[in-house]
Amino acid sequence: MNTEQTVDYLNAGYGPKSWLLTTDHKRIAILYLISITFFFFVGGFFALIMRLELLTPQADVVSAHTYNELFSMHGITMIFFFLVPSIPAVLGNFLVPLMIGARDLAFPRLNLLSWYLYIFGGIFTLVAMLTGGIDTGWTFYTPFSSAYSTTNVIPVVTGIFILGFSSILTGLNFIVTIHKMRAPGLTWFRLPLFIWAQYATSVIIVLATPVLAITLALLGVERIFRVGIFDPALGGDPLLFQHLFWFYSHPAVYIMVLPSMGVVSELVTCFSRKRIFGYYFMAGAIMAIAALGFLVWGHHMFVSGQSVYAGMVFSALSYFVAVPSAVKVFNWTATLYKGNISFHTPLLYAFGFIGLFTIGGLTGLFLAALAVDVHVTDTYFVVAHFHYIMVGGAVMGYLGGIHYWWPKITGRMYNEGWAKFSALILFVGFNLTFFPQFILGYLGMPRRYHVYPPEFQVLNVLSTAGATILGVGYLIPFTYLIWSLRKGKQAGPNPWNATGLEWKTPSPPPPHNFDKVPIVTEGAYAYPPILTTEGTHGGS
Amino acid sequence: MVDHSSAAPHAHQFDDIQQQHEADSLGMWVFLTTEILFFGALFLSYGIYRHAYPEAFAAASHFMDVILGGINTAVLLGSSLTVVLAVHAAQHGERKRLVMFLIFTIILGLAFLSIKGVEYSHKFAEHLVPGVDFQYKGPQPGHAEIYFILYFVMTGIHALHLLIGVGIMTVLAFRASKNRFGPDYFAPIEVSGLYWHFVDIVWIFLYPMLYLIHVYH
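Respectively, the protein sequence lines represent chains A and B.
Residues in the first sequence are numbered consecutively from 33, following this note's numbering.
Residues in the second sequence are numbered consecutively from 16, following this note's numbering.
Each hint should be verified, as a subset may be incorrect.
Simulated coverage check for chain B against chain A, where a stretch passes if three residues somewhere in it have a Cβ under 8 Å from a Cβ of chain A [as the list claims (entries may be wrong)]:
no., stretch
1, 45-59
2, 148-162
3, 192-201
Sample of chain A residues facing chain B (criterion: CB under 10 Å; computed from the structure) [what the hints assert, rightly or not]:
no., residue
4, L142
5, T241
6, V243
7, G260
8, P542
9, H544
Across the chosen pairs, the derived CB separations fall in these ranges [what the hints assert, rightly or not]:
no., chain 1, residue 1, chain 2, residue 2, range
10, A, Y351, B, H103, 52 to 60 Å
11, A, A91, B, P223, 54 to 62 Å
12, A, I256, B, F58, 21 to 29 Å
Simulated from the structure, these hints should not be mistaken for lab results.
For each residue, glycine too, the CB sits at the ideal point set by N, CA and C.
Work out the full structure, taking the sequences as your base and the hints as a guide.
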């Protein structure tokens, strides 16, 4: 061993140029981490103003128009600039080459281009939203967006169009890397489930995003030239817009949640010291969700005037998605059963994910039922449902993953006490924010209004109180994670004693990832068998 | 590092040039899949409106210049041939033939774009540009306008793809003239060729759908 400081990807070069022109997937992941965190707090800020307005039944903080802009900006920022890129662009970028034993992604320069497209599209959209506003919601429904809205529709959709190419290039890069650059011996069915999830997500991105791109382009054409592609007054069909939009945007739900499912599989196995229960079914369920996700977009359009028979088919197909989703939840639970469980922070987030995703998924079945959906369409029930999936699912998984791989990414441990505390705060804050919204929606409070009848106030006050706790809960990890960069304990290559190739290289990893290309001889999650004491029922 | 038989240099993330070639090729196929979905949404929109307004679409397609469109179809098919010959030349290390076929391809691509430009200028002269200057004399002008906006969007995006293709071919011709390609390393020519063929195939669908539907009606 030489005594000099070893070269890792963080100290391999200094100065802005070594970061802004890097092609190292690990450095690009850090660029994404910083920019995504920025957009997350921007989007969260919009949400906090909305919750503040909803503290009282009457309008007191913002006008109706400003409120329309706030929920549009919140949705656009959170979906396109945080949730869609979050796990793939940060953790996926960092981990896909490490987990498959490769030196980098297949196309490193394309990867850097993805980040530039992301940051350019993001800033472009943010400036457009803040200067001219946007009041269409994140769904841009025509003909309001093409004929009536006076806000900055064209610049905003242009920014999202640019961002779409960033997603597509990342997805393309992952697909090729996973197909062609696995280490010797790393067969498809030895891959960690995180890689399966990234792969399925990439396939969805590559197939769905172009449809959104062309749909937004057509919307732009209609708005600029005043021709009737989607505007019924000019012979166009507004339902066509909705079909094309949801053909992307329903699969996009799985773009957001599948990567979290991959993360949770890693967390559950590591902290229960067990192989995943039913590996083949878990991998198959990921692919099944990705495939079925393309066949259910019409359940967003039950009350929009599409054919009743189409509605029935979409309803039935939506129920099918519950099957692979439930397989995953049961298998995580079965993995924990008789495991040697240690309650570290990442596992707390995984528990949060499993519980909240289950509630989000089951309420999704309410919405997939034609008759129930009519009652709760455009109410807070829908808002609560998708926040249980998006925040309770996707964000919990993202934070769990950030905590789990933080020692690998930075080489430092964070403060476990603070981390557990904030995981708890987030869980409480989240449920207090969104559970009352299920009740509000069921009682009939419509979404997207800045005023409401006084009888809804108690539940709204609870929700706003929860949002405040949630906001604080997000600031705590932000603080102690940054703190850990200087003060955290040295992590060592494998602080969790986890399996997986990413733990077989130093933390932080060297620029080329592995000194020697690893050769894989066993499946993922090859934890040694748990010894049980004779005469007792399992446990150890 | 393991010593590989192939002498061609490869990017640092790959084990050898063979792996790099396979990755390049798969990358382009995945990209083309994206492109299919991209144009697919346009073809779907076209299908829906043609189904809704068949007479208006057939009547409006009378205003297309079948002759110029036909010439353009031949031009593009010819360019696909020159691309294949370019790939063949690259694989056999024939530098001069490679550069020549790439230049032929560029010329044919530019010829297509020029003819398309002439057609567009005719449409302006005939006041058939939706949103800018649209005075349609035939039946159902509102529905015909949808036909024309789809015509401009679909052929416009196609022309943009071709323009990008011409740019790629220009870069490749420049690099080929410096002898950067050979039997060991021709993936850029091959995958750019795939892209070129894709743009060609899109036109094979666009031509009958936009120019020839009144013949069928």
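Hint by hint, here is what the structure shows:
Counting residues of the stretch 45-59 of chain B whose beta-carbon sits less than 8 Å from any beta-carbon of chain A gives 12, enough to reach three: the coverage restraint holds. Judged by the Cβ-Cβ criterion of 8 Å, the stretch 148-162 of chain B is covered by chain A as claimed, because 4 of its residues qualify and three suffice. Counting residues of the stretch 192-201 of chain B whose CB lies closer than 8 Å to any CB of chain A gives 0, so the stated coverage by that chain is violated, three being the minimum. With a cut of 10 Å, the hint placing L142 (chain A) at the interface with chain B holds, because the nearest CB-to-CB distance is about 8 Å.
Hint status for T241 (chain A) relative to chain B: holds, with the closest Cβ pair at about 7 Å, below 10 Å. Interface restraint check for V243 (chain A): the shortest CB-CB distance to chain B comes to about 5 Å, inside 10 Å, so the restraint holds. Of the supplied interface hints, the one on G260 (chain A) holds, with its beta-carbon coming within about 6 Å of a beta-carbon of chain B, less than 10 Å. Checking P542 (chain A) against chain B by beta carbon gives a least distance of about 13 Å; that is not within 10 Å, so the hint is violated.
For H544 (chain A), the interface hint holds, the least distance from its beta-carbon to any beta-carbon of chain B being 8 Å, beneath 10 Å. A hinted range of 52 to 60 Å for the beta carbons of Y351 (chain A) and H103 (chain B) is consistent with their spacing of about 53 Å. Between A91 (chain A) and P223 (chain B) the CB atoms are about 57 Å apart, so this pair conforms to the stated range of 54 to 62 Å. For the pair I256 (chain A) and F58 (chain B), the beta carbons lie near 22 Å from each other, so the given range of 21 to 29 Å is met.
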